[in-house]
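There are 2 protein chains.
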Amino acid sequence: MVAKQFFIGINWGSSNLRAYLLDEQGTLCDSTSSPKGVTKLDYDSMTDTFLEVVNNWPYTDSVYLSGMIGSPMGWTDIPYKACPVGLNELMNALSPVEIGGRCAVIVPGVRCSTAYGDPEIMRGEELEIIGMLAVAPQLAKSGKIAALPGTHSKWVQLSEGRIVEFFTSMGSEVFDRLAEKGLLNSVMTGEAHVSEPFTKGVRRGASGATGLGRLLFGVRAQAIDGRLSGDDAASYARGLLIGAEIADANSIYSITSYQGSIPLVGNAPLCKLYAAALELFDVSSHILDADKIAGAGYTALHRQALVCRQ
Amino acid sequence: MVAKQFFIGINWGSSNLRAYLLDEQGTLCDSTSSPKGVTKLDYDSMTDTFLEVVNNWPYTDSVYLSGMIGSPMGWTDIPYKACPVGLNELMNALSPVEIGGRCAVIVPGVRCSTAYGDPEIMRGEELEIIGMLAVAPQLAKSGKIAALPGTHSKWVQLSEGRIVEFFTSMGSEVFDRLAEKGLLNSVMTGEAHVSEPFTKGVRRGASGATGLGRLLFGVRAQAIDGRLSGDDAASYARGLLIGAEIADANSIYSITSYQGSIPLVGNAPLCKLYAAALELFDVSSHILDADKIAGAGYTALHRQALVCRQ
Numbered sequence: 000m001v002a003k004q005f006f007i008g009i010n011w012g013s014s015n016l017r018a019y020l021l022d023e024q025g026t027l028c029d030s031t032s033s034p035k036g037v038t039k040l041d042y043d044s045m046t047d048t049f050l051e052v053v054n055n056w057p058y059t060d061s062v063y064l065s066g067m068i069g070s071p072m073g074w075t076d077i078p079y080k081a082c083p084v085g086l087n088e089l090m091n092a093l094s095p096v097e098i099g100g101r102c103a104v105i106v107p108g109v110r111c112s113t114a115y116g117d118p119e120i121m122r123g124e125e126l127e128i129i130g131m132l133a134v135a136p137q138l139a140k141s142g143k144i145a146a147l148p149g150t151h152s153k154w155v156q157l158s159e160g161r162i163v164e165f166f167t168s169m170g171s172e173v174f175d176r177l178a179e180k181g182l183l184n185s186v187m188t189g190e191a192h193v194s195e196p197f198t199k200g201v202r203r204g205a206s207g208a209t210g211l212g213r214l215l216f217g218v219r220a221q222a223i224d225g226r227l228s229g230d231d232a233a234s235y236a237r238g239l240l241i242g243a244e245i246a247d248a249n250s251i252y253s254i255t256s257y258q259g260s261i262p263l264v265g266n267a268p269l270c271k272l273y274a275a276a277l278e279l280f281d282v283s284s285h286i287l288d289a290d291k292i293a294g295a296g297y298t299a300l301h302r303q304a305l306v307c308r309q
Numbered sequence: 000m001v002a003k004q005f006f007i008g009i010n011w012g013s014s015n016l017r018a019y020l021l022d023e024q025g026t027l028c029d030s031t032s033s034p035k036g037v038t039k040l041d042y043d044s045m046t047d048t049f050l051e052v053v054n055n056w057p058y059t060d061s062v063y064l065s066g067m068i069g070s071p072m073g074w075t076d077i078p079y080k081a082c083p084v085g086l087n088e089l090m091n092a093l094s095p096v097e098i099g100g101r102c103a104v105i106v107p108g109v110r111c112s113t114a115y116g117d118p119e120i121m122r123g124e125e126l127e128i129i130g131m132l133a134v135a136p137q138l139a140k141s142g143k144i145a146a147l148p149g150t151h152s153k154w155v156q157l158s159e160g161r162i163v164e165f166f167t168s169m170g171s172e173v174f175d176r177l178a179e180k181g182l183l184n185s186v187m188t189g190e191a192h193v194s195e196p197f198t199k200g201v202r203r204g205a206s207g208a209t210g211l212g213r214l215l216f217g218v219r220a221q222a223i224d225g226r227l228s229g230d231d232a233a234s235y236a237r238g239l240l241i242g243a244e245i246a247d248a249n250s251i252y253s254i255t256s257y258q259g260s261i262p263l264v265g266n267a268p269l270c271k272l273y274a275a276a277l278e279l280f281d282v283s284s285h286i287l288d289a290d291k292i293a294g295a296g297y298t299a300l301h302r303q304a305l306v307c308r309q
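Chains as they are written, first to last, in numbering that gives the first Met the number 0: chain A, 0 to 309; chain B, 0 to 309.
Don't take every hint at face value.
Covered stretches of chain B, as calculated for chain A (at least 3 residues, CB under 8 Å) [stated by the list, open to error]:
1) 167–174
2) 222–236
3) 254–264
Treat the hints as calculated values from the structure; they're not laboratory data.
Here the structure is a predicted model, which is why all the values come from computation and not from measurement.
We treat Cβ as the ideally placed atom computed from N, Cα and C, and that holds for glycine.
For reference, chain A alone in the conformation it holds in the complex (with noise of 0.2 Å):
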């Protein structure tokens, strides 16, 4: 009988730390998670909380880390690879690293640029694209569309099993700091939810006719006149965001005459919010659980690294 081979992958971006215990067909073992994000840690703070992870799970192989981690932020500042990008191409630039002794890999962020001419930046995303591309082969096709929902929302163009252009939003940030200080603060008191006010803010913020700066105004204005309770003027404020988002997706991939499903792969109440405004532009859209396709992403990796070490 020969023993299971066992290897980790650690997502570890700015504010969090999620972790996952492998096998080579894939099996999620375990998982951990930790508020100890790599803008919170020096570097002996780091080698103790990836020491702790790494030790937790002994009798493990190779250990791939994924975020903010490549960054100046994190252990080392590892170059962004221009798109197109696929498994390939992460795999050809692993950066192997020392981490108190114990030896690691560091995937790279990916990099493009717009039709706009604008420079766009992922870290930790393109692991979890690959993860997609890996339970979901259709997606290898051209011409494919996928969306991260997050604090930093990513809408990616693949074609052929490769990442081709992406464009972020940070659309949920805004309302993260809105509601956590200043004028809207008081007035949004609950959470948001797919709800009558949630539709009334993704069509008005979706249609243009003016933009943020006035309408999030609005949730303050018709709190004040009576018009929006605490839950229905954070709602109604996500509406409007996420409204704002979707049309910019639909102007840079037009995605209301997008053929087939978007899949969906991020913080689940968040990605069902995106799904019931999708759903308000007759877009498809589909939620994937997000460890099951970072657990997917990592195993890619690490069946192509042992691929290459034969």
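Since the structure of chain A is already known, use the hints to place chain B on it.
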């Protein structure tokens, strides 16, 4: 010889207080300011703050209070007056109050319903608009526009000496919130100023090709890409937000075909950015001194009150 009659005007907002000692001729004899905004004070501290201000200036007649002091967060909730609102409408809605044994009157805020069916509200700016009308009688004709750049900027349509309609943009608050925490905090290290990156931001924000959620992430991506320094990043981000606001002002009040110069009242460095941005679209504007305008507003109210007493 008749002794001069002095009176006091206090602009008491959420986060600051600014008080003016004036005479009946409208001469600004003294002024003072403090960070004791109403959101930081309970009733007792509000009373103490009020008495400290007014007792500092003995031999004064009336005291006028404007701003958030007349809201549920302040001393008492004074209902908004519905547009159209001019000097007479405000005069007839002054609310007498007694604070710590001293009499004062609170100037009501103003509300309107926009062409989009949205409610809009202001508290404090109505006093400044009365001041603008007093120093610039040409504003009292029909079809005039004024702007009050600030954390929550107001764009106001005036006719025959009254506020007819207005809208608010919270673009500056979005800037403040994003500058103090989160993804853009580390890349926007300087102050915004009129510069090539500011101009570029204004044009892109106003173009409406894509929304602020995407454009603001571009501040980060361009900084990481080495295309924007810390000062430039702040200028570019401010430009995006002011540009988007100007596009809204244009779609609502057609400012690019406005005949005449738009008066700007507010924080002077911010007004300079707005004036430079408007110039890019060949819209004339001129900056008015905010203290002078506030003094003129309180003086106009006080003179009208004296007429009513006779």
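Which numbered hints are broken by the structure, listed smallest first? 3
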